[in-house]
Amino acid sequence: MNKLTGLLSEYKKGWSLAQEFYTAPEVLQSEARFIWNRNWLFAGFSCEIPEAGDYFIYNVFTNSAIVIRDDDGSIYAHHNTCRHRGSVICVEERGNEPNLKCPYHHWVYEKNGNLRNARMMPETFDKTQFGLHPVHVQLLEGAIFISFANDPPDFSREMSDLAPYLAPYELNNAKVAFRDRYELDANWKLIGENFRECYHCGPAHIEYCQAVIGANLVEEREEVFIDNMQLWKDRGLAAATIEQVKGSCHFVTRYPLRPGFKSYSLDGKPVAPPMGRHRTYDSGVVGMINYPNFWMDAVTDYMWVMRITPLEPAKSVVDLTWLVQGKAEEGKDYDVESFFND
Amino acid sequence: MNKLTGLLSEYKKGWSLAQEFYTAPEVLQSEARFIWNRNWLFAGFSCEIPEAGDYFIYNVFTNSAIVIRDDDGSIYAHHNTCRHRGSVICVEERGNEPNLKCPYHHWVYEKNGNLRNARMMPETFDKTQFGLHPVHVQLLEGAIFISFANDPPDFSREMSDLAPYLAPYELNNAKVAFRDRYELDANWKLIGENFRECYHCGPAHIEYCQAVIGANLVEEREEVFIDNMQLWKDRGLAAATIEQVKGSCHFVTRYPLRPGFKSYSLDGKPVAPPMGRHRTYDSGVVGMINYPNFWMDAVTDYMWVMRITPLEPAKSVVDLTWLVQGKAEEGKDYDVESFFND
Amino acid sequence: MNKLTGLLSEYKKGWSLAQEFYTAPEVLQSEARFIWNRNWLFAGFSCEIPEAGDYFIYNVFTNSAIVIRDDDGSIYAHHNTCRHRGSVICVEERGNEPNLKCPYHHWVYEKNGNLRNARMMPETFDKTQFGLHPVHVQLLEGAIFISFANDPPDFSREMSDLAPYLAPYELNNAKVAFRDRYELDANWKLIGENFRECYHCGPAHIEYCQAVIGANLVEEREEVFIDNMQLWKDRGLAAATIEQVKGSCHFVTRYPLRPGFKSYSLDGKPVAPPMGRHRTYDSGVVGMINYPNFWMDAVTDYMWVMRITPLEPAKSVVDLTWLVQGKAEEGKDYDVESFFND
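Protein chains in written order, with this note's numbering: chain D, 334 to 675; chain E, 334 to 675; chain F, 334 to 675.
Next comes chain D alone, as it looks inside the complex (with noise of 0.2 Å):
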């Protein structure tokens, strides 16, 4: 915490943070003590574990979660160690399992955590104190947070203040359309930075400053602004901008697209049905944080999410769901290939 403190303490409002915020070790290992393995972290959708047994992990530092769907539909998360000899229980990311089998010697536990099996112990073996360690969960409107803490943070703020803006794209059946997952080398703290400020948008994303009346910091979009304000409220979409406050780690806001765009994308039209109970494509943008590691943007169409999680002081992987209406068809309905090759 000495270095942590003292780096701090040096901090000059209004400037950068100094250069081993980003690439000294004892900084991110403070993370991970402070913010890491105690937050609330996003993991992944309801819609990515349909079926009962449907399981997937999450890694963050030397924590690994699995997060399964048990038979009555509840989503649980569990340490993904086995409480024998400490062996890795699920070893792929995603799977279906009607049991946790560890394969290592063969204890199995039930989707709930609890220890089933535990082969040629003895008789005074109680099982009962033998389960998975369990990970705390949280489902907000389809996804699902987790916290690897004992005594997690409150979470209901975060809940009514997001619950709203997610509602209307009803997640639990959307569907997982691509995923895709890059390893850069930056900390982690530069990516939530870089999607923080729109400085950079009008050099570096002309198409995005295309579709959006204001990217690039230079037009006036009050008069754009004004007029959906007034739509979003008659269709009784959430609209007004949540800032982030001290001892809150959320942002949500949303914001119109350029007239004539009804989505993200190079010619302004849909690529995608509606999603949830949306109709027509004029919700504009959603545009939602959850710190530390969940990054959201959703038009009428689409919703992509960046999961971020750190490796190293200056590594990180960053891991990209782009999610559509559950019932909608590849190639019919919408082209991965030809919106991600644009």
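Derived from the structure by calculation, the hints contain no laboratory data. Glycine included, every Cβ here is placed at the ideal spot set by N, Cα and C. Be aware that a few hints might be false.
Stated by the list, open to error - Derived pair list, reagent style DSS-like, types lysine-lysine, alpha-carbon separation capped at 25 Å: (1) Lys-345(F) - Lys-460(E); (2) Lys-336(E) - Lys-336(D); (3) Lys-460(D) - Lys-595(E); (4) Lys-346(E) - Lys-336(E); (5) Lys-579(F) - Lys-336(F); (6) Lys-460(F) - Lys-345(D); (7) Lys-522(F) - Lys-648(F); (8) Lys-595(F) - Lys-566(F); (9) Lys-648(D) - Lys-648(E); (10) Lys-602(D) - Lys-566(D); (11) Lys-595(E) - Lys-660(E); (12) Lys-460(E) - Lys-346(F); (13) Lys-345(F) - Lys-579(F); (14) Lys-660(F) - Lys-336(D); (15) Lys-346(D) - Lys-460(F); (16) Lys-336(E) - Lys-336(F); (17) Lys-648(F) - Lys-648(E); (18) Lys-508(F) - Lys-660(F); (19) Lys-602(D) - Lys-648(D); (20) Lys-648(F) - Lys-648(D); (21) Lys-579(F) - Lys-595(F); (22) Lys-460(E) - Lys-460(D).
Said to hold, decoys possible - Here are a few chain E residues that sit away from chain F, every Cβ distance over 10 Å (derived from the structure): (23) Arg-418; (24) Pro-431; (25) Tyr-437; (26) Asn-483; (27) Asp-513; (28) Leu-517; (29) Leu-653.
Take the given structure of chain D and dock chains E and F to it, following the hints.
Below, chains E and F without anything else, positioned relative to chain D:
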């Protein structure tokens, strides 16, 4: 030492070691100091270097040993480091050299480590002071053990306990039929722990359990055991298990194969001629360990050895050596490819 | 510093440095602080950036310097770090830019480092305060030296000692005929130590010993030396060896080639036209060092330079540059491929 002392003080008897025993660099440093740079380590077999000048290298952390046979047949080990500028002397892992010539400035050492020639050094230079630093050697019935310690621990008990088990194989006349090297992403102790328990054999090694009664920990094997003990006794084969005790590093046992099995092989048939002074295929299995790095199993017709060497907290090298009778001919008396493809 | 102080206190005069001087991260950190981030470092040659806007990058630990030629012909060096968000400005190692434009948010700097344009910054923003951080530059007869120190050490003695040896080569009119880069698994000091002794030349560099009397440390070369000294004196060529002394970092000498040899080449024949104001192939060899990173040898027809840069305790980069007369034409006056294949 603080890290290790702290971890040891938290150890609970009957439980696994804490994660950091397998991952912390400080623990590996302590192990290097108190185990790997001090204890007797298995290096290889005398039959690997049958001719004068034959040598091999064994690298353990920052130490590198040259194990070489001298003209009179004796075996020496030296630090593979020139006394002049510290250059590596033998670059190739195995070879034959009439003398040990440093490739950098051409200082020349005898096979026994004496400095023969240090070109252009002044008259006052005393060559007798600059022989290669010696590494201690113990020959155990054809197995070569070395110690990097200045004052190695006593090895006489290992010699007397293990020799009776090795002697019948007459390893000086054996030959290496196959060698392989595996780099595992595992702490060295984990590899050893895995070898010391057969709780995983039932689920993981079906073929092994077919050859060995009781390897699955379920079957009784007492009757077969008693019959075999008598047979081995009659043949003059050592059979009394020697347990590892406090202060010792070795373990040896002899146990029977399942009736009808003459060797560790899928169908139970021998895969090579009997080794050494064995005449019949009923000597069972000799299992031998000498911590920290020597793991051996021998049936009548072959012996395999694993030499384990740590590289990093979670990275180790396993060198597998498969020995058969020295006069056996590949393709006629044994077939490496079909055996290792099984 | 404790590590280094401890190691220095154990140093025995006339012996090699202890292993940790070459392997301990703490030692390299001290060297970075007290040598590499303070001393004058060879960066490259003025003839590598002949036109306005020509630049190259030199990276040393966390420092990156842009060395660039301005419109008036003068040469500047700047930290390759945008004053806005710290982005790297020049990503390519070599190129030509009319201005230095940060690729991230498009701040634009003049070639002299002044901030020309910081788009959308408020009226109160004082551009004069945000020029690129300068790196010190010294031009030594066409060789460019830089220092990352705020207050670099005096360089006047190096200038006056070395200039007479370099001047006859007229390096401003030379050209780079060949460049190569080697990443060596060696501490940077080891590379330097190797260059400072010819005890290894006899065994390792037979061709070199064929071209240079006495390189094998066995032959006498006094007579040839005396003849040549007179010749060089007559031609006005500096010839008195300047030894490195306490407090200095440089060394230069001129020594003769073997009679019949006009160049460092296998057959002794020249491989390129004479450089600079040389007319005949009898200027011998100029050997020059400026610690920590500049190693040069020049014969009449070519000059080669090694620029050494540490990456890790046991990893360094060597950049080889081979210079010939600027008007020489490849394939006609010299032949890189046949020369470097020899």
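ask   = Among all the numbered hints in the text so far, which are the ones the structure does not match?
value = 3, 14, 19, 21, 22, 23 and 25
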